[in-house]
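*Asks:* Based on the hints, put chain B in the right spot on chain A.
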Amino acid sequence: MDQSLRELYQEVILDHSRHPRHFGALDNATHKADGHNPLCGDRVTVMLALDEAGRVADIKFQGKGCAISQASASLMTDMLAGKTVAEAEKLMDGFLHLVKGEDAPGLSADDREHLDVMSGLSEFPMRVKCATLAWHTFKNAVEEGEVVKESAA
Amino acid sequence: MTASAKIVPAFDVEAVRADFPILSRQVYGKALVYLDSGASAQKPRAVLDAMTRFAETDYANVHRGVHYLSAAATDAYEAARRTVQKFLHAAREDEIVFTKGGTEAINLVSYGFLAPRVQPGDEIVLSVMEHHSNIVPWHFLRERHGAVLRWVDVRDDGSLDIEALDALIGPKTRLVAITHMSNVLGTVTPLKDIVARAHAKGVPVLADGCQGAVHEIVDVQALDIDFYALTGHKIYGPTGIGALYAKRTHLKAMWPFNGGGEMIREVTRDLVTYADPPARFEAGTPPIIESVGLAAAMDYLMGQDRAAVKAHEQDLLVYARERLKDFNWLRVIGDAPGKGAIISFEAEGMHAHDLATILDREGVAVRAGHHCAQPLMERFGVASTSRASFALYNDRTDVDALVAALAKAREILG
Chain A
1 MDQSLRELYQ EVILDHSRHP RHFGALDNAT HKADGHNPLC GDRVTVMLAL
51 DEAGRVADIK FQGKGCAISQ ASASLMTDML AGKTVAEAEK LMDGFLHLVK
101 GEDAPGLSAD DREHLDVMSG LSEFPMRVKC ATLAWHTFKN AVEEGEVVKE
151 SAA
Chain B
154 MTASAKIVPA FDVEAVRADF PILSRQVYGK ALVYLDSGAS AQKPRAVLDA
204 MTRFAETDYA NVHRGVHYLS AAATDAYEAA RRTVQKFLHA AREDEIVFTK
254 GGTEAINLVS YGFLAPRVQP GDEIVLSVME HHSNIVPWHF LRERHGAVLR
304 WVDVRDDGSL DIEALDALIG PKTRLVAITH MSNVLGTVTP LKDIVARAHA
354 KGVPVLADGC QGAVHEIVDV QALDIDFYAL TGHKIYGPTG IGALYAKRTH
404 LKAMWPFNGG GEMIREVTRD LVTYADPPAR FEAGTPPIIE SVGLAAAMDY
454 LMGQDRAAVK AHEQDLLVYA RERLKDFNWL RVIGDAPGKG AIISFEAEGM
504 HAHDLATILD REGVAVRAGH HCAQPLMERF GVASTSRASF ALYNDRTDVD
554 ALVAALAKAR EILG
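Line by line, the protein sequences give chains A and B. Heads up, the final residue of the first sequence is numbered 153 in the working numbering, and it's a clean run with no missing numbers. Heads up, the final residue of the second sequence is numbered 567 in the working numbering, and it's a clean run with no missing numbers.
One or more hints might be untrue.
[Stated by the list, open to error] With the C-beta cut set under 10 angstroms, the calculated list includes, among others, these residues of chain B facing chain A:
| hint | residue |
| --- | --- |
| 1 | R422 |
| 2 | D507 |
| 3 | M530 |
| 4 | A557 |
| 5 | I565 |
Bear in mind the hints are in silico, worked out from the structure with no lab data behind them. This one's a predicted model, so the numbers in the text were calculated from it and none came from an experiment. For each residue, glycine too, the CB sits at the ideal point set by N, CA and C.
Chain A on its own, in the form it takes in the complex (with noise of 0.2 angstroms):
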């Protein structure tokens, strides 16, 4: 069996994609937003909810998509949860680096052991495209998605 297929899908990926976390709506949202990728149809809706402090205090994906879109928005939100929008984008810019096979030298050693399940991809530049959806759609809710609550008066 090919040993970059292995690596690719190997058990922690298709336990994200399986069982993912983080899944379901997020009722006290503050930021959402949807992506689609219009190459496989994949969507996904990815809803956070920032604190006073800058702070993602909780966040939430839905969507349906391939293994590798499943697991990526799982693990992503896995790895955001607790961090400030700064660190959120920092940790995006060199997850980006790393499915693409470049260095990522922002990344810390604690974070790059966690996305390092996602470094197979590097051999599969037609499936890069999966795994960055969950975290362009992140970058979007944070920038365009606020969600203007309707006035209580």
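*Replies:* Leaving out everything else, chain B in the frame of chain A:
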């Protein structure tokens, strides 16, 4: 064994395979199993050689120079038009317009034929199994002219409900736009019947022949069809060229599409008059080398016993269906009687892209995704499917490789 017992095979797939240089290459150290001809077909050496030879010996621009090569190139280009005419059994060569592909051919009908005459509320009838090339040009008319799109459904087996189609054709219908063969389901539509029913109500018919022209013998006169669009690269020819067949009366009534050189009679500061069809619709320098390649591809196909080719492709379809029956986790979408050699499927617990990635590493090329047919995906409640599409150069070994690769995918993902 006596000489009289020798059986001459009706279709020699080994000889055909030898005509296609790319089939001898490997991917990831494995023999290439190309099951994506529905997206684009591979090219026989005859096509590649014809294009090279033409470029090396006879190439120049067409219809404008007086020099030797310009005449030679013009002859080749117009000879290619006659080859397309022959391939489609058209009555006249000037009913063939070269386009850059099937998409442009359909857009030309939308813009040139329908846009000038469509009124708000006028209807265009199409099926849910159209691919986007035969949907979006009509959406343009909906957005810009207030046309209404009327959709005919397919049955659960993927076959077209001709009575339902007939019922949709009414006094406001301006066109029926329908595929000849679905790129996802493989369903072949009864064009002759569709045309007869539409014409009975005075409605013209366009067929999207991007898949159909490869697998079916097309006789536009026998069909009495108004428009037939095809693309070169799915028919073992080059990219960048396709053709529209249109009845002469329609072509004469159509607006020009692109404006530029070649398509005019006279241009002054105050006015312009247009060339007769088909030149009217071929503005600018056309795909000249590609026209030679397209003609070579059509000659290649017409040089085969088309009935034997079809029987061969059907054999692959039946064999594949039989082998895939072992996989109870696999759902085939589209089982219409008489369908062409295309198998789309959904695998339980496996997304089409994951599946295609694993198949790819086994050397098996399939298409995964929505196949530019999103309304159809919606109809069958799937986001995407995997599709194996067969061509005349595929054989049973290819099917075996597909089946083995699917078993591996199940092992990894299942």
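*Asks:* Which hints from the list above does the structure break, by number from lowest to highest?
*Replies:* 1, 4
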